[in-house]
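Per this note's numbering: the sequence shown = residues 1 to 416.
None of these hints come from the bench; they were simulated from the model.
DEER-style ranges, computed between Cβ atoms: (1) Ser302 <-> Leu164: 41 to 47 Å; (2) Ala214 <-> Thr181: 33 to 39 Å; (3) Thr296 <-> Pro9: 44 to 50 Å; (4) Asn66 <-> Asp188: 33 to 39 Å; (5) Ser345 <-> Gln167: 26 to 32 Å; (6) Lys368 <-> Gln167: 47 to 53 Å; (7) Asp188 <-> Ser114: 22 to 28 Å; (8) Lys5 <-> Asp355: 53 to 59 Å; (9) Gly220 <-> Leu125: 54 to 60 Å; (10) Asn109 <-> Lys58: 19 to 25 Å; (11) Leu125 <-> Gln167: 14 to 20 Å.
Only pairs whose alpha carbons sit at most 27 Å apart, straight line, appear in this in silico DSS-like list of lysine-lysine: (12) Lys152 <-> Lys282; (13) Lys303 <-> Lys208; (14) Lys124 <-> Lys87; (15) Lys353 <-> Lys152; (16) Lys208 <-> Lys386; (17) Lys208 <-> Lys305; (18) Lys252 <-> Lys369; (19) Lys157 <-> Lys184; (20) Lys337 <-> Lys208; (21) Lys337 <-> Lys249; (22) Lys96 <-> Lys124; (23) Lys337 <-> Lys217.
All C-beta atoms, glycine included, are put in the ideal place defined by N, C-alpha and C.
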Amino acid sequence: MNLNKYNSPDSLMVITSYPIHGTVHTGGGLASYTKNTLLGIKKAFPDQKIIVLANTIKDPETYEENGILVLRCWRRNSTTLLSSILKQIISFNSVKNILFEFEFAAYGNLFITSLLPIFLASLKLMGKNLVGVIHQVVTDLSQLTSHVGITKNDVSKYNFFLKLYYQLLLSVFANVVVLETELKNRLDKLTHSHDNIICLPHGIVPQKKHHQSAAKKILGLERGTFHVLAFGYLGYYKGSDLLVKAFQKPIKVNGKNVKLILAGGESPTQGQKGHYQAYYAKLYHEIDSNPNIIHTGFVPDSKIKKYFSASDLTVFPYRSFMSASGPASLALSYGNKMLVSEAFSHYSKATFKLDTASLRRAIVTQLKKSKSHTDASVLADRSFVKQASQYRELFAKLDLWPKTSLNFDTSPHFAK
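Take these sequences, add in the hints, and give me the full structure.
Rendered as structure tokens:
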């Protein structure tokens, strides 16, 4: 493998967590989003050289996938994480353009996360052009104390440091990309330089579903039963416990039973934290003894289409909106009928209040309807083809990439 060809001023280096080779939906939402984004850019710029400095799965490894060089060189929470990344940056000394994907806990614990602005500032001093994609923007933890494991008395203190942290991030990036308008609005309040904050809505890859009856049969789901899908890692801020509580009693629609499919397991970034382990253990106990709930655990790429095809409704009971939702983007990709909490009303017009009675009523109402509430303009705005074009315009504005011709003759080839 010739690595020297990537050591060029025109190359793009990306620091991020990344899915397992040959998959898209492993490693968390940040990883899958990044891979689809890079595949979109690669389609638009076939000659663009891209280097990904990714997390190790077991051991460090180097490989090319879809024309992208992947160097798995850092381990989450490792004391050598930053030095391992720096070593690779120095080895590709000609590369000037760095895209940094950020999400809290993606790289490690609070200590490692606190060092990131200093690390990024050092890269800026080295003459690197830094563009950040900030996946989470949370400036008020009032509704998230149980999720992050703090007391209400500590909220104001943590809010102060959160805002300071975001200001530090904004100071080191030439441009910042966020994935929803509300996230941009929150960052806008923290800085006077609004022009360098760009909203590129979370991209989607339109998908063709299996026939529903066939998908249900393959998955062993009961015929004559409605299935409500909640996809993604289980967590407090996602309202997983609220959903479980809503299905403690049976739900029937037009004489048919309604079952909940919880298609997800433990969070890969929260799983080692004591407060999350306690939450998950209690939730799992309630799920395990409930005949109205089907818990799949982690869903591999090969089964994602089957579950979205089999479901009659996808539900998102998020308590708070703190980041763009990968599962919601998947639901949009498959054209699924969606039911969302009021915090997620930008994804669907079908909403409910955060209590079990409202949720149960809304489920019954939506299952009686046949049409999706997704606005066609939402799908157009979230096309990864458009995302690639907008990234190109961003980098051209910063004069980071040469102004080459685009290749938008066909839809991007994204990993399935």
